[in-house]
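Participant: Residue strings, one per chain:
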Amino acid sequence: MHLSKNAVLSCQILAAHPLRTVLSITGVVVGVSAVVVMVSVGQGAERRILDRIGRMGTDVVTVNAAPARLMIGRQRTVATVTTLTVEDARAIAENCPQVTAAVPAVSKSFVVRWDGTNTTTTVIGMAADGFRVRNITLASGRPFDVEDDHLRRRVAVIGPTVAKNLFGSANPLGREIRIGRVLFEVVGATRARGTDANGVDQDDMVVVPLGTAMRRLLNIPYIQTVYVQARGSQWMDRVERDVRALLRERQRLADGHPDTFTIQNQKTLVATEREAARSMTLLIGSAAGIALLVGGVGILAVMLIAVRERTREIGLRRALGATPRDIRAQFLVEAVLLAGAGGVFGVALGLVTTWAVAGLGAWDAVASWPAAALALAFAMTVGMMFGIYPAQRASRLEPIQALRSE
Amino acid sequence: MIEVENLTKQYAKGAVVTVVLAGVSFRVAKGEFVAIMGASGAGKSTLMNILGGLDTPTSGTYRLDGLDLARAGDDELSRVRNTKIGFVFQQFYLLDRIDAVTNVMLPFIYADGNADGAALAGKALAAVGLGGRARHRPSELSGGEQQRVAIARALVTDPVLLLADEPTGNLDTRNGLEVLAIFQRLHREGRTLIVVTHDRAVADHASRLIVLNDGRVSADEPVAQPRDAEAGLRRLEAEAAAGGPA
Chain D
1 MHLSKNAVLS CQILAAHPLR TVLSITGVVV GVSAVVVMVS VGQGAERRIL DRIGRMGTDV
61 VTVNAAPARL MIGRQRTVAT VTTLTVEDAR AIAENCPQVT AAVPAVSKSF VVRWDGTNTT
121 TTVIGMAADG FRVRNITLAS GRPFDVEDDH LRRRVAVIGP TVAKNLFGSA NPLGREIRIG
181 RVLFEVVGAT RARGTDANGV DQDDMVVVPL GTAMRRLLNI PYIQTVYVQA RGSQWMDRVE
241 RDVRALLRER QRLADGHPDT FTIQNQKTLV ATEREAARSM TLLIGSAAGI ALLVGGVGIL
301 AVMLIAVRER TREIGLRRAL GATPRDIRAQ FLVEAVLLAG AGGVFGVALG LVTTWAVAGL
361 GAWDAVASWP AAALALAFAM TVGMMFGIYP AQRASRLEPI QALRSE
Chain A
407 MIEVENLTKQ YAKGAVVTVV LAGVSFRVAK GEFVAIMGAS GAGKSTLMNI LGGLDTPTSG
467 TYRLDGLDLA RAGDDELSRV RNTKIGFVFQ QFYLLDRIDA VTNVMLPFIY ADGNADGAAL
527 AGKALAAVGL GGRARHRPSE LSGGEQQRVA IARALVTDPV LLLADEPTGN LDTRNGLEVL
587 AIFQRLHREG RTLIVVTHDR AVADHASRLI VLNDGRVSAD EPVAQPRDAE AGLRRLEAEA
647 AAGGPA
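Sequence lines, in order, name chains D and A. Numbered by our numbering, the letters in the first sequence go through residues 1 to 406 in order. Numbered by our numbering, the letters in the second sequence go through residues 407 to 652 in order.
Bound-form chain D, shown alone:
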């Protein structure tokens, strides 16, 4: 059989039934465009997460003073451990060759008051180089410096959320706020950073010098966290190893004794988050794939109707020399043509929708060409699958009965 010649003829016949043809491919159009949009939005979300982690600094290893337990896939520290000290942070900075900085830090939730208004927020005490290591930039005012830390000055840098809660739109610089019972002067305000990888609002915080926090607010001799900056992201694993060995030695942990601290490698976090975003993309992509599969049922139904309605055509073609194989091939080709057309329109619709979504700024969406190609191929496969049964039925018709049918 001359397949291509017959395909041209099939197109003419399908085009002569516009309504039926449109109805049969609608499901596929919707399915394919859903796949394209969903995957694009998913990949947009993935990129957003990676951007956010990137902003936090991809060269930072975080040491927490507590053994970790995995909770719902995220690391959370449990219990209070008092063994991590400022000296440990200094030792890390001095002894680990690939470390450029080690920033000791503490944090606790406090009620912060100003002129009758109050808000509960996280107060972070950290060394002055924490601004640089943790990528915290200021919108106005100044950060505190090493001298402020040494002298345990009562100065604070506040996040935008706190500024809004306490001062509304007024300028917070120079105001005196009360953290717990201690008065602090607001010397700076940070730029908005959004939420971190764990969904915590990074703008809802007050940063004060470490010494001030330990002596004047918490009255504790130990610290909770050390932010360790590596010379470059390629040294992350080396730094993690070195820090672990050093801390175990300093804390005299016997071999086999579990760590009394947790080390979070930013690189691992990136991998974990990317993995999570991927699974999400895959999940919603699959849901859209199911929609596409349902679209195949539309093709199945319309093809079955077409076979019934075109029985006499099938009989005629058999009389003119078509073998059962030829008839089967014709209807399979028609199913694939329908699905392919649906796929092409679906990809177009999906891309337009993606760009519209991205343009409106509702979601981040990255148009995904591989997903579009895959959806198109999948659509044609679906057409093929759902075309088999009608084609088989058409090919089994006896020519005489087919010619006689009304």
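To be clear, the hints were calculated from the coordinates, so they are not data collected in a lab. These numbers were taken from a predicted model, which means no experiment stands behind them. Do not rely on the hints blindly, as some may be mistaken.
What the hints assert, rightly or not - Stretch by stretch, here's where chain A covers chain D in the computed footprint (C-beta under 8 Å, at least three residues): (1) 1-14; (2) 308-318; (3) 392-404.
What the hints assert, rightly or not - For lysine-lysine, the following DSS-like pairs were computed, each having C-alpha atoms within a straight-line distance of at most 30 Å: (4) K108/D - K164/D; (5) K267/D - K108/D; (6) K436/A - K529/A; (7) K436/A - K490/A; (8) K5/D - K490/A; (9) K5/D - K529/A.
Ideal Cβ positions, reconstructed from N, Cα and C, are used throughout, including at glycine.
Chain D is already provided as a structure; the job is to place chain A on it using the hints.
Facilitator: Just chain A now, kept in the frame of chain D:
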């Protein structure tokens, strides 16, 4: 060219066996114009299906152009239908959605090789007097014109046998005569034709008449004085001219 020897066909439905053909034998030489007649139920449709390679007999032999078709498989029969037989049906069986020339080209989709279907189809349409209607769809053509398109489709592959099943059954007298006139011209050009009909007036245009009765050949004789379709058409014109204006 056609040898039919003791052909039988029976259908078994449960315990009931229906004999449709009970031993039919005849030969048709190349260039003959044969009419097969019979009352309904006489077995002429079944015979026509077997002659056309659309059905196989229960027993007996059927040779067409040197090929034994009584035992042929589905693929071989399809091939024979495509290359050696041209069908003309009572109901034309044109595809409505495509134009006349594309309808005529349809057999080439199932043919081997790369014949220039469009050129041959154009010639075939011209041969039935529809050269100017190639781009018309069946719905834009009269019944007679549709049947002539179907004849062009049957002839386009240059088959050894033209097989027509009640070709004038859906046409008025005038269009019927036109179809028969084409058949007679093809006969004069040396083509082999078999027309299955229940209409004596149609059968009288052939050169030989085979009558089926209860699944057997009850008569097989030359038509003494075949009617001339062209003459019939002229007479019709004359009658119309005489009776029309009056």
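Participant: Against each hint, give a clear statement of whether it holds in the structure.
Facilitator: Evaluation of the provided hints:
no., hint, verdict
1, 1-14, "holds (count 7)"
2, 308-318, "holds (count 6)"
3, 392-404, "holds (count 3)"
4, K108/D - K164/D, "20 Å, holds"
5, K267/D - K108/D, "26 Å, holds"
6, K436/A - K529/A, "23 Å, holds"
7, K436/A - K490/A, "13 Å, holds"
8, K5/D - K490/A, "22 Å, holds"
9, K5/D - K529/A, "20 Å, holds"
Every hint, counting from the list given before, is met by this structure.
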